[in-house]
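Undergrad: Chains A and B, in that order, give the protein sequences. For the first sequence, the positions run 1 to 133 when our numbering is used. For the second sequence, the positions run 1001 to 1138 when our numbering is used.
Please note: incorrect hints may appear among the correct ones.
Unchecked claim - Example chain A residues on the side facing chain B (calculated, C-beta under 7 angstroms, incomplete): (1) Arg23; (2) Ala27; (3) Gly29; (4) Phe31; (5) Gly53; (6) Arg62; (7) Ser76; (8) Gly78.
These aren't lab readings, by the way, just hints derived from the structure by calculation. Computed from a predicted structure; not experimentally measured. For glycine and all other residues, C-beta sits at the position ideal for the given N, C-alpha and C.
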Amino acid sequence: MNFEEGQVLEPQTYTVTRTDLVRYAGASGDFNPIHWSDRVATSVGLPGVIAHGMYTLALAGRALTTWLDDPERVVSFGARFTKPVVVPDDDNGVEVEVTGSVSSVDDGIATLTLNVTCGDAKVLGMSKATVRC
Amino acid sequence: MALDPSLSGRTFPPTSPYVVSHEKIAEFTQAIGAVPFENGETAPPTFPIVVAFAAMTALMNDPELGIELHRVVHGDQRFEQSRPIRAGDELVATLTIDTLRAAAGMDMIGTRTEVATTSGEPVVTAYATLVHRAGGDA
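The shape of chain A in the complex, shown without the other chains (with noise of 0.2 angstroms):
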């Protein structure tokens, strides 16, 4: 996909269930239990098991790569983690948005500026992504 400034990508919808967190858990080397314990999440203050800020940021890029469709022309990429996602113990999880626009483009990369969200919170901040046009 070519880019211009302005233009308004196509939104992406992704379910969040607790298999997922384990199945990024496992892949990714990070088993902090704060993102599969009800009873460690909670005793440090969480109101339950969260997402790893890095799955979360994993979808942003997600939805940045279907918008690219090609991930050679990835320059940079990277988020502020704002709001936990918290991810209930059912069958149905939670859903994130990602939303995402072209700020500018200018000699040969366009910038692109992400909003990620679940349900009204902002779950990451300053998320920008560099590629090249």
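Please arrange chain B on chain A, whose structure you already have, making use of the hints.
TA: This is chain B only, laid out in the frame that chain A set:
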């Protein structure tokens, strides 16, 4: 307890070489629910965390630093890539503490992890801020 300010600027020894397999890329891609890239060899944009995480874990486990793992929160993460990681890459990660700042009972540890091939080709730089909350005795 606040961390020793002299740690700022310190570079830690590189991690052991990590060989990226097709299977690991497939496992990670499946774990985030993404569709594998056509060539089956290119890793998703956040895959470098698999290699960088080993360097961050070594930092957090270093007894000299006195970091308590359960008090650490991931503040932010950014990747700047020369190219994506691909199957067959043999990678090492070298972590440097760029900045160290204490505020409101927390240490903000700004880290930079250079991920390169064992032959010295730079692949990706991972920047992370780790927030270390002071314990009850602080």
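Undergrad: Output the numbers, in ascending order, of every earlier hint that fails for this structure.
TA: 4
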